[in-house]
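Student: These are the residues of each chain, in order.
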Amino acid sequence: MTQTMTARDRVMRALAGEKVTPVPCFSGVGNVTSAGLDKLGYRFANVHNNAKMMAESAMTTYELFGYECVVMPFDLCLEAEIMGCKMNPYADSSELLYPTIKEKSTPTTEQLRAIARDPELANKGRLPLMREALKIVRAKLGNQVAVGTYVLGPFTLGGQVSELEHLLKNAFKKPDEMLEYLDAMAEVIIRIGGHLMESGYDYISVREMGATTDVLSPRVFKKIIAPALTKVAKGLKGPRILHICGQVGPIIADMAACGYDALSIDSKTSMKAAREAVGPGVVILGNFNPFAVLNTGDAQQAYNAIAQCVREGVNGVHPGCDIWPTAKPENIQAMMRAVRETSAD
Amino acid sequence: MAMDEAKKKELLQKLAQGVTEFDDDMVREAAEEWVASGDDTYDAIFDGLVAGMEEVGRLFSAQEYFVPEMLMAADSLYIGLDIMKPHMIQRYTGVRGTVVIGTVQGDVHDIGKNIVKMMFDVAGFNVFDLGRDVPLEEFLKKQLETNSDIVCLSAMMTTTMMGMPKVIAMIKEKNPNCKILIGGAPITDDVAVKFGADGTARDASNALEEAVKMIVALKNIQKEAMAKAGK
Chain U
1 MTQTMTARDR VMRALAGEKV TPVPCFSGVG NVTSAGLDKL GYRFANVHNN
51 AKMMAESAMT TYELFGYECV VMPFDLCLEA EIMGCKMNPY ADSSELLYPT
101 IKEKSTPTTE QLRAIARDPE LANKGRLPLM REALKIVRAK LGNQVAVGTY
151 VLGPFTLGGQ VSELEHLLKN AFKKPDEMLE YLDAMAEVII RIGGHLMESG
201 YDYISVREMG ATTDVLSPRV FKKIIAPALT KVAKGLKGPR ILHICGQVGP
251 IIADMAACGY DALSIDSKTS MKAAREAVGP GVVILGNFNP FAVLNTGDAQ
301 QAYNAIAQCV REGVNGVHPG CDIWPTAKPE NIQAMMRAVR ETSAD
Chain G
1001 MAMDEAKKKE LLQKLAQGVT EFDDDMVREA AEEWVASGDD TYDAIFDGLV
1051 AGMEEVGRLF SAQEYFVPEM LMAADSLYIG LDIMKPHMIQ RYTGVRGTVV
1101 IGTVQGDVHD IGKNIVKMMF DVAGFNVFDL GRDVPLEEFL KKQLETNSDI
1151 VCLSAMMTTT MMGMPKVIAM IKEKNPNCKI LIGGAPITDD VAVKFGADGT
1201 ARDASNALEE AVKMIVALKN IQKEAMAKAG K
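Protein chains in written order, with our numbering: chain U, 1 to 345; chain G, 1001 to 1231.
Simulated from the structure, these hints should not be mistaken for lab results. Take these hints with a grain of salt, some might be off.
Unchecked claim - Each pair of labels, with its calculated beta carbon distance range:
#: 1; chain 1: G; residue 1: Gly1131; chain 2: U; residue 2: Lys173; range: 23 to 33 Å
#: 2; chain 1: U; residue 1: Gln308; chain 2: G; residue 2: Pro1165; range: 23 to 33 Å
#: 3; chain 1: U; residue 1: Gly259; chain 2: G; residue 2: Glu1032; range: 48 to 58 Å
#: 4; chain 1: G; residue 1: Asp1025; chain 2: U; residue 2: Asn50; range: 51 to 61 Å
#: 5; chain 1: G; residue 1: Asp1004; chain 2: U; residue 2: Lys272; range: 50 to 60 Å
#: 6; chain 1: G; residue 1: Pro1165; chain 2: U; residue 2: Ala273; range: 30 to 40 Å
#: 7; chain 1: U; residue 1: Arg311; chain 2: G; residue 2: Lys1141; range: 48 to 58 Å
Said to hold, decoys possible - Covered, in the sense of this in silico footprint (three residues per stretch, anywhere, with C-beta under 8 Å from a C-beta of chain U), are these stretches of chain G:
#: 8; segment: 1148-1156
#: 9; segment: 1159-1170
To be verified - Under the rule of at most 20 Å between Cα atoms (straight-line distance), these lysine to aspartate or glutamate pairs were calculated in the DMTMM-like manner:
#: 10; chain 1: U; residue 1: Lys102; chain 2: G; residue 2: Asp1129
#: 11; chain 1: U; residue 1: Lys135; chain 2: U; residue 2: Glu198
#: 12; chain 1: G; residue 1: Lys1141; chain 2: U; residue 2: Glu198
#: 13; chain 1: U; residue 1: Lys174; chain 2: G; residue 2: Asp1075
#: 14; chain 1: G; residue 1: Lys1085; chain 2: G; residue 2: Glu1064
Glycine is no exception: its CB is placed at the ideal position from the N, C-alpha and C atoms.
Required output: the full structure, derived from the provided sequences and hints.
Tutor: Written out as C-alpha cells, the structure reads:
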C-alpha cells in the first residue's frame, strides 16, 4: 500500500496525521539547489520574477533527488511586494543572495485592513506569477508530488514591511495597539494565503520566525503573537504548517494550541522535549539544521543526522530553514537514503 | 559643585536602575544632575549606565529579558550617554580602537549589530557603522580608509552569512593584522574558524553577550598590543 502511494499522497497523509512509512522527506520552505539551477543554466537572481523559470527551478529538487515536494516561491518578499514594498533581487551581484526588501511601505493598521479588502488583490505583486508557476508544475508533474507554498506570520511580516525594532518595542510597550496591528496583518495573510490555496497549492506554511523565544518572551508570544496566528489558522483552508525556527521549547504547547495541522521546528528545539510537551497526536515536522547537514558535513554525517530525526519520531523529515542552494548533492542523496532505510514499519 | 560620595552613589544607582528598567526619565534626570555638578562623567557612564547594561545582559542570559527589553534598555542608555559623553574626560587614550561594523549584503537585520555598536560607542571606540545590506567590497574600502583595528561583520541568517568569508579573505589579504569578529544567529565557533574570523560569541542569538565578549576580545587584543609595545 505504502509503496504505491505517490509523493503527494505521502505528504498529504502525513499532514493529515496518518502514519506514513517511510516518513515523508519534504519541506514547507525553500529548497531549490545550485545543482538544480546549474542543470537549467539559471541564475538564482533571475528565477523570482519569471513563472517558467521559478516553476522549472522548483521542480529540480524532486526531479534530481526524489525530494518529496515542490515549493514556491523561494524568497520572503511576496506579501510585502503586494503591500507596496520594493524587492531587491540582487540582480547585479555575483553573490548567491536571497532577495530582500529595500523599501518598506510601513502600512498602518487601517491601511492593512484596506489591503485585506482590496478586490484587486489577486492581480497584485507576484500573485499572477504564482498561479502561472503552479500551472506549469502541474502540467509537468500532475499530482505526483505535493506543491507547497508559504506566507510569513503576522509578526514576521510586520518586520518585513515596517521597522522591526519599532514592532519589538511596541510588543512590550503598547500591547493593545500591537494586538490590533497583528490582527489586521492576519487578515492580509488570510487573503494572500487563501488566494494561493484556492489557486491549487496543496499545503501552506506560515513562517513566524520573528517570534521565536530567541527574540520574544514566551509571555509575549502567548499574549500578542498567538492570537494572530490562531486567526490565520482559522482563516486558511487546506493543510497548514506553523514553522518557527530557533528555540521554541517554551512555546511549543502554545503553538500547538493555535490550531495548525502541523508544527515545524528546527534543530535548536529538542524533538523529544517537543513531543513530550504536545503529546503523540500533534504532527511535528523537523528538525535538522540544513546548513550543517547538507552543506558543511559529509554524507555520512548527513545520514546520521537524518536517522536521528526519524528515530526521535518526526512525522516528516523537514529542514529547520530554507535549504541553502549550494547543498552537496551527495548529502541530499544520503538524507533520502537515511529516511528510506531507517523508518520502521 | 562637586558631589559627595553619598550623592554619587545615589546617582550611579539611578543611572543603572534606569537602564535596567528602561526608565528614560530616571536616566535623564540623574545624568543631568551629574553633569550639573561639574564632576567628570566617566564613572557615571561606566559604573552607572554600563553597569545597568551588564545587568540587562545577565537578565537576557537568564531568559528573563528578551530582545524588546534589551532595545528599550539601549534607548535609555543612549539618553544618558548623549547627555554625559560631552563632559567625559577621556582617559586610557591608548586602549581605544577603531572599528568598522556592518551587516553583510543580502541581510537587512541590524538590531544585533546596533547593540554591539552601542557597546563600542560606550567604550569610547571610534565606530564607523556601514549600516545593513552592505556590499562586501565596502568593508574592505572602509577598513583601508580608516586603518581600523577591527572589522565586525553581522548576519542574521544562514542564507546571508556566506558573504563573510569573502570579506574576511579580502581584508586579510590587504591587512593581515586587522582583527575580524563575526556574529549573528547562524554563526558558531566552527563557522568562525571555517570562515577565517578571529572571533565570535558562542551564543550568537544573544547579541548583548556577543557585544560584551567582543569588548573582552578587544581588550585582550589591546593588552597584547601594549605588551608588544613594551608598556
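Student: Each of the hints needs a verdict: does it hold here or not?
Tutor: We went through each hint and held it up to the structure:
1. Gly1131(G) to Lys173(U): 23 to 33 Å: holds (25 Å)
2. Gln308(U) to Pro1165(G): 23 to 33 Å: At 28 Å between Cβs, range holds.
3. Gly259(U) to Glu1032(G): 48 to 58 Å: Distance hint for glycine 259(U), glutamate 1032(G) holds at roughly 52 Å.
4. Asp1025(G) to Asn50(U): 51 to 61 Å: holds (55 Å)
5. Asp1004(G) to Lys272(U): 50 to 60 Å: holds (59 Å)
6. Pro1165(G) to Ala273(U): 30 to 40 Å: holds (34 Å)
7. Arg311(U) to Lys1141(G): 48 to 58 Å: Holds: the Cβ-Cβ distance is about 50 Å, inside 48 to 58 Å.
8. 1148-1156: violated (count 0)
9. 1159-1170: holds (count 5)
10. Lys102(U) to Asp1129(G): holds (18 Å)
11. Lys135(U) to Glu198(U): holds (13 Å)
12. Lys1141(G) to Glu198(U): With a Cα-Cα distance of about 50 Å, the restraint between lysine 1141(G) and glutamate 198(U) is violated, given a limit of 20 Å.
13. Lys174(U) to Asp1075(G): holds (16 Å)
14. Lys1085(G) to Glu1064(G): violated (30 Å)
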